[in-house]
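Visitor: For reference, the chains in residue letters:
Protein chains: 2
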Amino acid sequence: MSTEKPVYGGKASYRDAGVDIDAADAAKGQIARLVSATHGPQVVRGVGHFGAFFQAPGPDNPFVLVSSADSVGTKILVAEIAGQHESIGVDLVNHCVNDILACGARPLFFLDYIAAERFPEGLIEALVRGMTDACRKAGCALIGGETAQLPGIYQPGTYDLAGFIVGSVHRDRIVDGATIRAGDLLVGLPSSGLHTNGYSLARAAFGLDPKDAAARERLAATPAWADRPLGELLLEPHRSYLPVVEPLLDTGVLRGMAHITGGGIAGNVGRVIPEGLEAVIDVRSWEPPALFRGLQQAGNIDSAEMYRVFNMGVGFVLIAAPGDAQQLAAQLEGARIIGEVQAAPEGQQTRARYVGLADAGGD
Amino acid sequence: MSTEKPVYGGKASYRDAGVDIDAADAAKGQIARLVSATHGPQVVRGVGHFGAFFQAPGPDNPFVLVSSADSVGTKILVAEIAGQHESIGVDLVNHCVNDILACGARPLFFLDYIAAERFPEGLIEALVRGMTDACRKAGCALIGGETAQLPGIYQPGTYDLAGFIVGSVHRDRIVDGATIRAGDLLVGLPSSGLHTNGYSLARAAFGLDPKDAAARERLAATPAWADRPLGELLLEPHRSYLPVVEPLLDTGVLRGMAHITGGGIAGNVGRVIPEGLEAVIDVRSWEPPALFRGLQQAGNIDSAEMYRVFNMGVGFVLIAAPGDAQQLAAQLEGARIIGEVQAAPEGQQTRARYVGLADAGGD
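Chains as they are written, first to last, in UniProt numbering: chain A, 1 to 363; chain B, 1 to 363.
Note that these hints are calculated values from the structure, not bench results. There may be inaccurate statements among the hints.
[To be verified] Examples of chain B residues lying across from chain A (beta carbon under 7 Å, computed):
no., residue
1, VAL35
2, THR38
3, HIS39
4, LEU77
5, PHE109
6, GLU125
7, CYS135
8, ASP160
9, ALA182
10, ALA204
11, PHE206
12, PRO247
13, THR251
Cβ coordinates follow ideal geometry from the N, Cα and C atoms, glycine included.
Generate the whole structure from the sequences, applying the supplied hints.
Guide: In structure tokens, the structure reads:
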């Protein structure tokens, strides 16, 4: 089980924007116990990773199936304002592809779930077009799905889209962070925008409510800090890291990987850092794209909150030994070293933290 | 891709109750083309079966992975009125288990997707309790999921729940209807109620709108035709056929199976009948439980519509050679012969039809 969006404070925060999962958090311990009770020896790793590991069927099979369920979140409401939905299908598939990639897995197949109060003409086709485009690029088969019209559950005019991916990895090639050591470096790979996280806060910051007639104009306008319309920036599809990372999967240099989704860079890198270690991310080591600065200003959001909710321009992180990491940073387009793994201090609270933040929340 | 609910006419119909997928149907051909373009040789069967077939990874692996995505539909709104959600988790898992079972597959693992505007305390835990209960009984691991709070997409106070299952079957044991012949018989297995289909129409018939203050009282009352409260009848969990059908999977007697979901008995049996054949279902061969008669009367629904939308007391169908079928009907609790496979007539429209309907739509 994962929760899409952690809750944080701050000047403007996710809680203010309508997202509050305290109730869910309170039950997490009990839920984890219930879920573990369904696990036999075929569940290769416990929960909490970017993907779930299950022994593939067949005698002496060295392959492990890695699966993940995801949704696009309220980026859908931005698509609705713009009247463009194809890229939402791309978002969903690439989000799923990146999640299992972070475990070392290559995609096999994908299923979707599309639900709405009712479907306007062309919506399902647009979503499927986006999903099949992204699936073809990932070498992944879209093999099934469910489409449900559920009057009374969804708000009129909107919909939800969830996806489910299954990939595989040879058991000797699983990447789960277990081999990470102090001194290893973090290589950040550039994101293509907000990807699929933080849209409730971003929509609040930019005034993007589908019920607000002016929202469409706001999306069509090019802000002073931008070189193209806000709508294009916000609907830029979630990037797939498969083409960049796949050639590295069999080299053995990757000790850990993190897909930066809800929880920001630290929240997600922390998921793969072993006990006794801490990833220290220096936010001065890269320049967040203009979109993040424009968003921070528009929403009067403090920096700590920004780095907790958004990817800030880093959508995927590779963790490797120093020499390997330096080589990856030099070789991969837009990549840079963004932090280091250190021995954890006494009384450690988290497995990853930021340094260099300008206002509250940094060192 | 599958659509949960076909559209039909009738005195009271799904269209009247707010479900209309004409727009989706119009795009189906195009969608099928897009989806097929993502399929390589590992996609063992095309789309349209109860589950999707994909070659399991590993050298010379005789196993095929069978997967399915499903949701519970607006049965959730009945649970909301009653304030009871645990059984919804059971519904979802058993629906998925039955879908892949109809292909001959045993479950391996399951992932869920839970989304809402916000989560009332205890909701997620109740759903997970139901899902894990059903997973344990099915020998299926709940290994992951996504929980999303999406303000602006869901109606306040409600939620949606989707599930994804992966199972496996030896390639020599796939059951897909290909060996069905004229003369084979259909064995109907009893359902435990409406399962998870037809709830928009059923709620309209019984006046069960969560916004209607009297709805809760209606659920608590025991109708004249019933022996327990309406709420208990409507929330009775979707039955799992795994315990009954699993012992038959390796016997080789099963030529086809159908899980009766949206589309009724004929709509689902027709999915596994080969070209040139037709399943003829005699509705006089069993007595639908009181719930279906009460529902028909309450909603003034004609018989043809009832048999098109609801399972009418038959939740799963086994198709076998006459001798085997007779033996199954004698041996399995509540089972009976409900129809026969015949050579298709000239100009055949469907692969399965009813005979013996009392009013419009029958022979």
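Visitor: When the nearest CB of chain A is found for ALA182 (chain B), is that gap smaller than 7 Å?
Guide: violated, 30 Å
Visitor: Checking hints one by one. Is PHE109 (chain B) an interface residue toward chain A, by the C-beta closer than 7 Å rule?
Guide: This interface hint holds because 5 Å falls under the 7 Å limit.
Visitor: Does the nearest C-beta of chain A fall within a distance shorter than 7 Å of the C-beta of LEU77 (chain B)?
Guide: holds, 5 Å
Visitor: Does the CB of GLU125 (chain B) sit less than 7 Å away from some CB of chain A?
Guide: Where the cut-off is 7 Å and the nearest Cβ of chain A is about 4 Å from GLU125 (chain B), the hint holds.
Visitor: Checking hints one by one. Is ALA204 (chain B) an interface residue toward chain A, by the C-beta closer than 7 Å rule?
Guide: Interface hint status for ALA204 (chain B): violated (10 Å vs cutoff 7 Å).
Visitor: Per the CB criterion, is CYS135 (chain B) less than 7 Å away from chain A?
Guide: With Cβ-Cβ at 4 Å, under 7 Å, it holds.
Visitor: With chain A as the partner, please determine if THR38 (chain B) meets the hint condition of a C-beta pair closer than 7 Å.
Guide: With a closest approach of 4 Å, the THR38 (chain B) hint holds.
Visitor: Is the interface hint satisfied for VAL35 (chain B)? The criterion is a beta-carbon contact with chain A at less than 7 Å.
Guide: holds, 5 Å
Visitor: Report holds or violated for the interface hint on ASP160 (chain B), using the least CB-CB distance to chain A and a cut-off of 7 Å.
Guide: holds, 6 Å
Visitor: Let me know if the C-beta of PRO247 (chain B) comes in closer than 7 Å to any C-beta of chain A, holds or violated.
Guide: violated, 20 Å
Visitor: Would the stated hint for HIS39 (chain B) survive a check requiring a Cβ distance to chain A of less than 7 Å?
Guide: Holds: closest Cβ of chain A sits about 5 Å from HIS39 (chain B), inside 7 Å.
Visitor: Minimum Cβ distance from PHE206 (chain B) to chain A below 7 Å?
Guide: Interface hint status for PHE206 (chain B): violated (14 Å vs cutoff 7 Å).
Of the numbered hints stated above, those contradicted by the structure are hints 9, 10, 11, 12, 13, listed in ascending order.
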